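*Asks:* If you read the protein sequences in the order shown, they are chains A and B.
Just so you know, my numbering puts 757 at position 348 of the first sequence, and the rest follows in order with no gaps.
Just so you know, my numbering puts 637 at position 228 of the second sequence, and the rest follows in order with no gaps.
Note that these hints are calculated values from the structure, not bench results.
Treat the numbers as computed from the prediction; the structure is a model and nothing was measured.
One or more hints might be untrue.
Any copy, or any two copies together, can satisfy a pair, since identical chains are not distinguished.
In silico DSSO-like links for lysine-lysine, alpha-carbon gap of 30 Å or less [stated by the list, open to error]:
1) Lys708 - Lys729
2) Lys729 - Lys466
3) Lys501 - Lys520
4) Lys624 - Lys763
Number of protein chains: 2
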Amino acid sequence: MKIHNFSAGPAILPRTVLEQASAALLDFNGTGLSLIEVSHRDKDFEGVMHEARAAVKRLLGLGDDFEVLYLQGGASLQFAMVPMNLLRPAGKAAYVNTGTWATKAIEDAQKLGEVQVIASSEDKNFSYLPTGYTIPQDVDYLHITSNNTIYGTQMQSFPDSPVPVVCDMSSDIFSRPVPAASMGLIYAGAQKNMGPAGTTLVVIRKDLVGRSGRKLNAMLDYGVHIKGQSMYNTPPVFAVYVSMLTLQWIESQGGLSAMEKRNRAKADLLYSEINRNSLFRPTVTDDSGSLMNVTFVLKETTLEAVFEGLLREAGISGLKGHRSVGGYRASIYNAMPIESVQVLVDVMQALENKYAS
Amino acid sequence: MKIHNFSAGPAILPRTVLEQASAALLDFNGTGLSLIEVSHRDKDFEGVMHEARAAVKRLLGLGDDFEVLYLQGGASLQFAMVPMNLLRPAGKAAYVNTGTWATKAIEDAQKLGEVQVIASSEDKNFSYLPTGYTIPQDVDYLHITSNNTIYGTQMQSFPDSPVPVVCDMSSDIFSRPVPAASMGLIYAGAQKNMGPAGTTLVVIRKDLVGRSGRKLNAMLDYGVHIKGQSMYNTPPVFAVYVSMLTLQWIESQGGLSAMEKRNRAKADLLYSEINRNSLFRPTVTDDSGSLMNVTFVLKETTLEAVFEGLLREAGISGLKGHRSVGGYRASIYNAMPIESVQVLVDVMQALENKYAS
Chain A
410 MKIHNFSAGP AILPRTVLEQ ASAALLDFNG TGLSLIEVSH RDKDFEGVMH
460 EARAAVKRLL GLGDDFEVLY LQGGASLQFA MVPMNLLRPA GKAAYVNTGT
510 WATKAIEDAQ KLGEVQVIAS SEDKNFSYLP TGYTIPQDVD YLHITSNNTI
560 YGTQMQSFPD SPVPVVCDMS SDIFSRPVPA ASMGLIYAGA QKNMGPAGTT
610 LVVIRKDLVG RSGRKLNAML DYGVHIKGQS MYNTPPVFAV YVSMLTLQWI
660 ESQGGLSAME KRNRAKADLL YSEINRNSLF RPTVTDDSGS LMNVTFVLKE
710 TTLEAVFEGL LREAGISGLK GHRSVGGYRA SIYNAMPIES VQVLVDVMQA
760 LENKYAS
Chain B
410 MKIHNFSAGP AILPRTVLEQ ASAALLDFNG TGLSLIEVSH RDKDFEGVMH
460 EARAAVKRLL GLGDDFEVLY LQGGASLQFA MVPMNLLRPA GKAAYVNTGT
510 WATKAIEDAQ KLGEVQVIAS SEDKNFSYLP TGYTIPQDVD YLHITSNNTI
560 YGTQMQSFPD SPVPVVCDMS SDIFSRPVPA ASMGLIYAGA QKNMGPAGTT
610 LVVIRKDLVG RSGRKLNAML DYGVHIKGQS MYNTPPVFAV YVSMLTLQWI
660 ESQGGLSAME KRNRAKADLL YSEINRNSLF RPTVTDDSGS LMNVTFVLKE
710 TTLEAVFEGL LREAGISGLK GHRSVGGYRA SIYNAMPIES VQVLVDVMQA
760 LENKYAS
């Protein structure tokens, strides 16, 4: 049975990428060796790292004033590295709190300096995105989260900021065109739209490197990684390779504009059904519903067991909502075909046909 | 042509492990999904993490007083995390300097507190291991490096220490039985004997957790990772899975005693030839030659081009020594069969037969 993978992350990847990765584990570039048993200083792997970094710049339209790094530790380590590198010991940073991950980013920054939470949607369990806030001019940076996986909200536009913007794009990077060149730093755990778990993309404007003036441990210093061309120490070879393949797949499909078109078609299909179907309702309360993570609930929780049985029969996997929100979450990242979303919509309609009063 | 992979790391892995990993990228545990596109909270992957942690305890003979973590960032991040977690702000730490990696560990610790380098072999380019040093009683821990990949030295026994021992075992973990239960903390980048690049093993005695009393960022705090059962955030799924397979392979071969026997046979074969062959000499100057990384040079550098041509013809890869030592380095980790070492010995003998005066 074909499985329709709605997992929030690690998440669906293009089948052709998985096939290429599987083959490279047995023979990498015709070397007769596995991808994971060659030196990272080998010219074949150096080529992979070079291309993986270059593809990011091509897709985001960035020039020589930006550096691209593939680090480890997930977005969670960036919660610490961002203030370590950008927040001066006597400085301040502004954060917008739009969910669990932003909250963790704030907690880590508070261990390193003064943090101003300038807007928050915590009052309504992060079911909307705050607007109309003022960005202070005297902070070292503004931290935002472009997409909130757990709550299903996504920024529809980016703030016009007087200070460098740091954006956690873990769950919607490469899903749509963004004004990357206007930002100071973008980071993203790879395991949604760009590859497997195990590497974290960091894109940083060069003039921000060393901005905090702090004496940092080597692995926590962006400057050290830039000097080492993202190979200061052994990089996560496999995760970088699969990320490179995934970025090349995005380009082959037409780049970020094509991704957005594709993702919007899937999201429109699903949101329309959630709003039309008498048994369901969305959990996001404003117009910031995510194109990546579509969250919804059954109005009658007594139908949950039946609905989940139908989902299983249809081969739908990973639809359970995060425990802090409940209900359902359909993660429909780049690699998901619209056919899988249609299968979900069909199940929702079958449920309605049988149980709607 | 069969390639004989003498790479220092990332390095040779068992072929059966590579085949299992390649298959799991297309279908993991019969789920119909790739290993790298299922949630890490899925029970199938939770089973992998559980088994990967348990196998470490079985192989090292450790009980409930130890915790096992699979982190990210390589041994290089441990250079910082060890003092962050174990070195009290007003405390001291003792380090033995036996090479490049120990030097980097010292530099990172110095950023966090007082470091006493109690022994060093830097005076002779790390070509031997210092002995006869006294371990202070008033330090928070003693840091040692069990095997020095670049210089080809390996500790033949471990110090009897009045303070907790922290040991970087990146390049010889699981290659021989060690008195793990007598140590405080062991760490190792996976990419030599235990798996692919992208995860770092940390084994810590529970009573040392939180010892420094410092307020740490979440991802840099061993206590946070222990509480999260090594899944505080998304772990490096692929690297953990392949590590689990490799540890199971070690067990299937007879465990650490069998590994040592196997590794000693390979090393004996190669060291005997280096010492016998009139064209070569070893670079390690005492009796601490490594069973993992065998370093040697040609007495006449004019023969290098001929030797390297013969190596290529024989399918020998990755034998070039590190630039700081020069010459040659044969890395003969667990997964390397003795047949590959014999091919190298044959080439050395062929060179001697043709060029020795």
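*Asks:* Please work out whether the CA atoms of Lys708 and Lys729 approach to 30 Å or closer within one copy, between two copies, in both situations, or in neither?
*Replies:* within (15 Å within a copy, 66 Å between copies)
*Asks:* Checking Lys624 and Lys763: alpha-carbon separation at most 30 Å within a copy, between copies, both or neither?
*Replies:* neither (65 Å within a copy, 56 Å between copies)
*Asks:* Is the C-alpha distance from Lys729 to Lys466 at most 30 Å within one copy, between copies, in both cases, or in neither?
*Replies:* Close neither inside one copy (35 Å) nor across copies (34 Å); limit 30 Å.
*Asks:* How would you classify Lys501 and Lys520 at a CA-CA limit of 30 Å: within, between, both, or neither?
*Replies:* This pair counts as both: shortest intra-copy Cα distance 12 Å, inter-copy 23 Å.
Of the numbered hints listed earlier, those contradicted by the structure are 2 and 4.
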